[in-house]
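Here's the letter readout for the chains.
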Amino acid sequence: MESRKELEFKGIGVSRGIVSGPVLLVKMDELPLPDHAIVPGQTDEEVSRLEKALNETRLQLREIQERVGEAMGSESAGIFEAHLHVLDDPGFLDEVYRELREKCRNIEIILFEVSERYAQTLLKMQDDYLRERATDIRDVTRRILQNLMGAEGDWLSGLTSPHILVAHDIAPSDMAALDRRHILGIITEMGSPTAHSAILARAMELPAIVGMQEISRQLEDGDRVILDGLRGLLIQHPSPEREADYGRISHSRDVIRSRLEALKDKEAVTLDGHSVVLSANIELSTDVDTVWAHGARGIGLYRSEYLYLINEGNPSEETQYQAYAEVAKKIMPESVIIRTLDLGGDKLPKSFNLQEESNPFLGCRAIRLCLNHPEMFKTQLRALLRAAVHNPNLRIMYPMVSRTGEVDQANALLEECKGELAAKGIPFRADLEVGVMIEIPSAALIADRIAPKVKFFSIGTNDLVQYTLAVDRGNERIAHLYEPTHPAVLQLIQMTIDAGRRHGIWTGVCGEVAGNPLLVPLLVGMGVDELSMSSSAVPLVKEVIRRIRFSEAQALAAAVREMPAGPEVLELCRAMVRKASPEILELAE
Amino acid sequence: MLTREVSVLNRYGIHARPAALLVKAASHFQSVIMIEKNGIQVNGKSIMGLLTLEGNHGAILKLHASGDDAEAALTALAELFEKKFFED
Chain A
118 MESRKELEFK
128 GIGVSRGIVS
138 GPVLLVKMDE
148 LPLPDHAIVP
158 GQTDEEVSRL
168 EKALNETRLQ
178 LREIQERVGE
188 AMGSESAGIF
198 EAHLHVLDDP
208 GFLDEVYREL
218 REKCRNIEII
228 LFEVSERYAQ
238 TLLKMQDDYL
248 RERATDIRDV
258 TRRILQNLMG
268 AEGDWLSGLT
278 SPHILVAHDI
288 APSDMAALDR
298 RHILGIITEM
308 GSPTAHSAIL
318 ARAMELPAIV
328 GMQEISRQLE
338 DGDRVILDGL
348 RGLLIQHPSP
358 EREADYGRIS
368 HSRDVIRSRL
378 EALKDKEAVT
388 LDGHSVVLSA
398 NIELSTDVDT
408 VWAHGARGIG
418 LYRSEYLYLI
428 NEGNPSEETQ
438 YQAYAEVAKK
448 IMPESVIIRT
458 LDLGGDKLPK
468 SFNLQEESNP
478 FLGCRAIRLC
488 LNHPEMFKTQ
498 LRALLRAAVH
508 NPNLRIMYPM
518 VSRTGEVDQA
528 NALLEECKGE
538 LAAKGIPFRA
548 DLEVGVMIEI
558 PSAALIADRI
568 APKVKFFSIG
578 TNDLVQYTLA
588 VDRGNERIAH
598 LYEPTHPAVL
608 QLIQMTIDAG
618 RRHGIWTGVC
628 GEVAGNPLLV
638 PLLVGMGVDE
648 LSMSSSAVPL
658 VKEVIRRIRF
668 SEAQALAAAV
678 REMPAGPEVL
688 ELCRAMVRKA
698 SPEILELAE
Chain B
19 MLTREVSVLN
29 RYGIHARPAA
39 LLVKAASHFQ
49 SVIMIEKNGI
59 QVNGKSIMGL
69 LTLEGNHGAI
79 LKLHASGDDA
89 EAALTALAEL
99 FEKKFFED
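Protein chains in written order, with the numbering used here: chain A, 118 to 706; chain B, 19 to 106.
A hint or two may mislead.
[What the hints assert, rightly or not] Listed next, the in silico DSBU-like pairs over lysine-lysine satisfying Cα-Cα at most 35 Å (straight line):
no. : chain 1 : residue 1 : chain 2 : residue 2
1   : A       : Lys570    : A       : Lys535
2   : A       : Lys572    : A       : Lys446
3   : B       : Lys80     : A       : Lys241
4   : B       : Lys101    : A       : Lys241
5   : A       : Lys220    : B       : Lys55
6   : A       : Lys122    : A       : Lys381
[Said to hold, decoys possible] Residues of chain B placed beyond 12 Å of chain A at every Cβ, according to the derived structure:
no. : residue
7   : Val24
8   : Glu72
9   : Thr93
10  : Ala94
What the hints contain is simulated information worked out from the structure, not anything from laboratory work.
Here a beta-carbon is modelled for each residue, glycine too, at the ideal position from N, C-alpha and C.
Hey, can you work out the whole structure from these sequences and the hints?
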């Protein structure tokens with residue numbers, strides 16, 4: 118066989134996992150539409166064909182909604198509510214019927230044209246959420262068309278072996294209907310991490326990359342590719358070496374995973390008896406099942422942002438309460454730490470009148486944004502206070518704190534919320550525990566002054582590294598300067614832990630560093646009480662902890678304090694893991 | 019035909035959820051209901067129409083209703099606007 122050159126393409130990884138296999142190009146836009154004239158007497162017949170198709174579509178959507186609801190929770194199923202509304206839209210249907218009579222063409226082409234006009238109007242809008250709705254409208258329309266044409270409609274029905282799907286865009290209802298046995302992963306040209314399809318891919322644990330523009334032109338059906346959903350990397354015609362590399366990574370991952378399965382119910386405790394709490398970071402209430410499956414104890418970081426992103430930036434108190442309460446109940450008796458809204462203004466509707474910022478990472482985001490919009494913030498705080506009734510270990514934490522005043526202000530709003538709920542006789546937990554994210558150097562430096570105001574610290578290493586070293590790791594030219602083991606970063610982490618200890622509160626770490634097996638012994642040696650990571654990283658980290666001694670980890674932390682630079686620190690950490698568990702070292706690299 | 023002027027008070031404007039509420043409310047009435055912004059009219063019972071209206075925060079809209087229950091329809095819809103679609 119002709120050997121072809123290996124090529125690498127980069128997109129936005131939205132759902133992690135490595136898979137390899139043949140490509141299947143999905144050309145949905147080329148659905149051949151019949152297009153012909155009809156005589157005026159035929160319009161009634163066309164109308165009744167459409168009505169029949171609408172009924173079938175309604176039934177199918179309800180079924181999808183039910184199935185998705187069972188498998189992935191009500192948040193994912195709610196996506197299809199809007200689709201059902203479209204089927205009953207009199208304005209839309211009137212327009213279709215009017216054009217049918219005026220143009221005297223078959224119903225398929227009329228329906229397509231009218232719907233496409235709406236989609237185009239939405240695509241021109243300023244607002245991200247409204248633009249994304251164009252995909253939803255096209256999705257419903259295609260489904261109606263399939264029913265009209267009596268096509269079995271399933272563009273995947275011929276698929277009998279596993280493939281990696283490559284499409285311009287994949288509609289949410291198609292995502293939900295995918296047969297996991299035949300789909301390895303998904304690549305789309307369109308899309309963003311907040312699109313409905315990306316959210317579904319994560320919920321289905323299906324590796325996915327979006328935003329790979331023009332990729333269909335580069336690939337052919339049957340091309341062998343590797344999809345790395347974590348890095349957003351697609352490798353076409355991988356060389357044998359590359360295949361072997363990825364094969365080894367994913368094979369040893371499988372082997373070790375199954376071995377680590379056995380650790381699920383074991384404690385994360387060192388050889389000399391020091392315990393560390395391992396918990397999981399999640400985004401959706403439906404992620405809770407994977408928390409248990411991977412043996413994490415509780416949730417160290419529940420990101421509330423997705424609730425805002427899928428509810429047009431404004432989830433009601435009730436919507437939030439339901440979501441938080443669902444997680445709180447599912448995770449009982451373990452704990453869940455919910456981070457209050459951590460978004461920049463760019464993700465909120467333009468009606469917030471937020472000005473464009475030239476430097477958003479140093480701008481009005483997270484707690485700053487919340488304190489500027491106290492009513493919005495209080496809606497979330499009330500929902501949290503109410504949800505905590507269902508789990509005494511539900512805690513909350515404020516992101517991006519840089520001064521003590523912010524903690525005071527936020528706590529004052531929290532007290533106001535308690536007063537409001539009490540006045541209305543709505544049950545809530547008065548002793549809800551509050552913590553602070555330490556992710557800005559100033560917060561680490563004044564941790565001693567923040568500690569008396571809170572019950573715990575959680576160090577967000579991703580931002581702490583970025584702000585301490587002034588490095589944007591998305592910038593390829595300086596990405597190598599992004600160094601979690603830089604002595605300045607480690608010193609700030611140590612200061613935070615020590616301040617917490619002096620005030621009798623515990624400190625966790627919830628950045629990516631917490632899930633990096635290489636750095637775990639160092640963090641444990643420095644005195645971190647809790648590590649929170651993506652659930653899939655839990656088994657590896659647990660394995661490392663169970664193979665080291667706390668005394669050795671402490672010695673490592675002490676040795677590191679004397680070291681001049683990050684690379685030496687990393688080398689020492691690597692040596693410790695190599696000694697404890699060589700296989701893990703290989704996987705971690 | 020009866021007409022009433024309303025303003026969009028909720029911060030986020032007529033997004034999917036408020037649009038769905040309007041459609042649901044409007045569908046209870048026999049009257050023909052149209053919603054107008056800057057001379058453009060859409061059917062008040064159409065979610066697609068309402069979405070494409072771009073009724074952002076602060077926009078002034080005209081509600082038109084004609085039919086036996088026009089008065090009641092306008093009152094019901096105006097109330098949704100006044101109550102900010104139960105959002106704020």
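Each hint tested on the structure:
no.	hint	in the structure
1	A:Lys570 to A:Lys535	17 Å, holds
2	A:Lys572 to A:Lys446	22 Å, holds
3	B:Lys80 to A:Lys241	24 Å, holds
4	B:Lys101 to A:Lys241	29 Å, holds
5	A:Lys220 to B:Lys55	28 Å, holds
6	A:Lys122 to A:Lys381	42 Å, violated
7	Val24	16 Å, holds
8	Glu72	6 Å, violated
9	Thr93	21 Å, holds
10	Ala94	17 Å, holds
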